[in-house]
Amino acid sequence: MQATATGNATGNATGTTVDMLVDVAGLGAYGPGGEAVAALAVAAVIGTLMLTNTALAGPWAKRKITAAFTDRIAVNRVGPFGLLIIVADAVRLLSKELIVPEGVDRPAWDLAPLVIASSALLGFAVIPFGSGLQLADPETGLAYVFAVASIASLGLIMAGYASNNKYSFMGGLRAIAQNLAYEIPLVITGASVVLFTGSLQMSEIVAAQTAPLFELGPVAIPSWYAFVNPFAFVLFLVANMAEIGRNPFDIPEAPTEIVAGYQTEYSSVYFVLVYLGEFIHIFLGGAIITTVFLGGPAGPVLPGIVWFMVKIWGIFLLTQWARSAIPRVRIDQLISIGWKGMLVLSFANLVLTAVIVGVIAG
Amino acid sequence: MNPYMVPIQSLTVQRHMSNPWIAIGALAVVAVAIPMSMMVASRLLRPSVPEQGKRAVYESGEVPTGDTRIRFNIQYYMVALLFVVFDIETVLIFPWTVIYRDAVGEVGLARALLPMLAFVGILVVALAWAWRNGAVRWIRSPRATKQRVDRQ
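Keeping their order, the protein sequence lines are chains S and A. Sequential numbering of the first sequence, starting at 1, is according to my numbering. Sequential numbering of the second sequence, starting at 1, is according to my numbering.
Hints are computed from structural coordinates only; laboratory data are not their basis. From a predicted model like this one, the values you see are computed outputs, not experimental measurements. Misleading hints may appear alongside valid ones.
Cβ-to-Cβ under 7 angstroms is the rule here; a few derived chain S residues that face chain A [stated by the list, open to error]: (1) E35; (2) D137; (3) S223.
For each residue, glycine too, the CB sits at the ideal point set by N, CA and C.
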C-alpha cells in the first residue's frame, strides 16, 4: 500500500473556512458585514476548540502525565478516568473568592489576565487546522503569529509589577529577561524556513511541505522542514520551550524559589485566566511548530484536523516530559544559553540555510 | 491571453476572497469575549467575605516588609538594549528571506547572498564586541558577591 503523508494537506486553492462559509451561506451579497458574521462563527469554533483542548490539558492530562512520570496515580475518582475533574475544577475555581491584595495597581492588575489569555488565543487566527478549518490566511501569516505570541510578555510584566508582591515582581522581570533572550533565536530560526518557502503565508508553508523528500520502500517521506532541516527544528523547539516558559526554562514561575512568580497574587477567575493563557500559549507554540516544521495537518488515512491535534498534543507531551525530567537552569545560565549559544547557532543556521538554498536554486 | 475574447470573469469560477483582517478582528472579539464571560460567571458564583488579614500580599507566610515599588537593579538592561538592535534586524531579514529564492534565480547567488552576509557579519561582530565587554553576562550585584565571600 502506498502511504503518502500528503493527502490531507490544505493548499491555497481551498481558501479559508470564512471564504467557504461566505460562499455556501450566500453572505457575499452583504459585503464586509456578511464576512464578519461568517468570521465570527468560525472564530467561535476555533475558540471553543482551543478551550476544550486547554480544559483537557490543564486540570486532567497534566496531572495524569506528571503522575505517570513520577510513578503515582493521579485523578481517578470523578467520572471515567477521572475526566469529570475538569467540570469539578472549573466550578471550584470559578466559585472561589477573588481576593484583591493590598496596594495592587488596579487597572493593570485586572487587565493582565485578560491580556495573557486573549493574546494567546488570537495567535490561532492564521493556523491551518486541516480539514478546511482556517480562519484567516494573510500573506504575512508567520510574522503575525510571532508578533501576537509575544504580546503575552506584556501581560506577564503587567501581572508581575501590578501585584505589589516581591515574588511576583521577580517573576515578571525574569519572564522579560527570558523572552528577550529567546525571541530573536525563535524568529531567526523561523526565518530560515521562509528561505525554503519564499512566503510567509501559512497555507503556502504547509503546501511547500507536501512534496516527497525521498522514498523509503513503500513509504514516501514528506519534505517536512523537521526532516529537511533537523538542526533548525531542534533550535526552534528549544527556543519555544523558553518562549512559553516551560522546563528547563521555567524560572519566571519557579515554585521552589519565588512561590509562583507573576501569578502568586491571583485567585479565583483571574488565576484561571492566567493559567488558561499559559496553556493556550503552550498549544500555540505547538501549533506554530506543527505548521512550520511538521507539515501542518498532513498525514495518512485520518482527517487533517486529527493529525493536527495529534501533533500539537505530541509537542504538549514533550513539554510535560521536559517538566518531569529536566532540571531548571539558573537565570545567569539562561542568559548565557540564550545570548551566547542560541543566538549564534540560529544565525549560523540562517546563513548555512541561505547558502544551501542558494546553491540548489542557482 | 484569452483566445476566445470572452471576459475572464465568465470563465473563472467566482470565488469569494474575504479580507483576512476582518476574520482576525472577529477572533479578537471572541478572544476577549471568552475571558469576559468567565469573569461574569465567576462574579455570579463567588462569595465576597472581606477581611483585613487575607488582603496582605503573600510573601511565604511572613508579614510583608516594605514596598515592592523600590529602585531595583535590573541586571539585564544592556541585554534589553541589544534586543532592540536585533529585533529591528529581524524585521529587515524577513523581507529578504521571502524574495531570496527568486532573487538567486534572477540576479545570481552572489548578489542575493553577499549583502545579507555583510549585514549579518556586522551584527555578529557587534555581538562579539558586546560579549567581550560583558554586556550579555548576568551581572552579580556587589552585595551578592560580598555575601558569597563572607560565607566561605
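Status of each hint after checking the structure:
1. E35: 5 angstroms, holds
2. D137: 6 angstroms, holds
3. S223: 15 angstroms, violated
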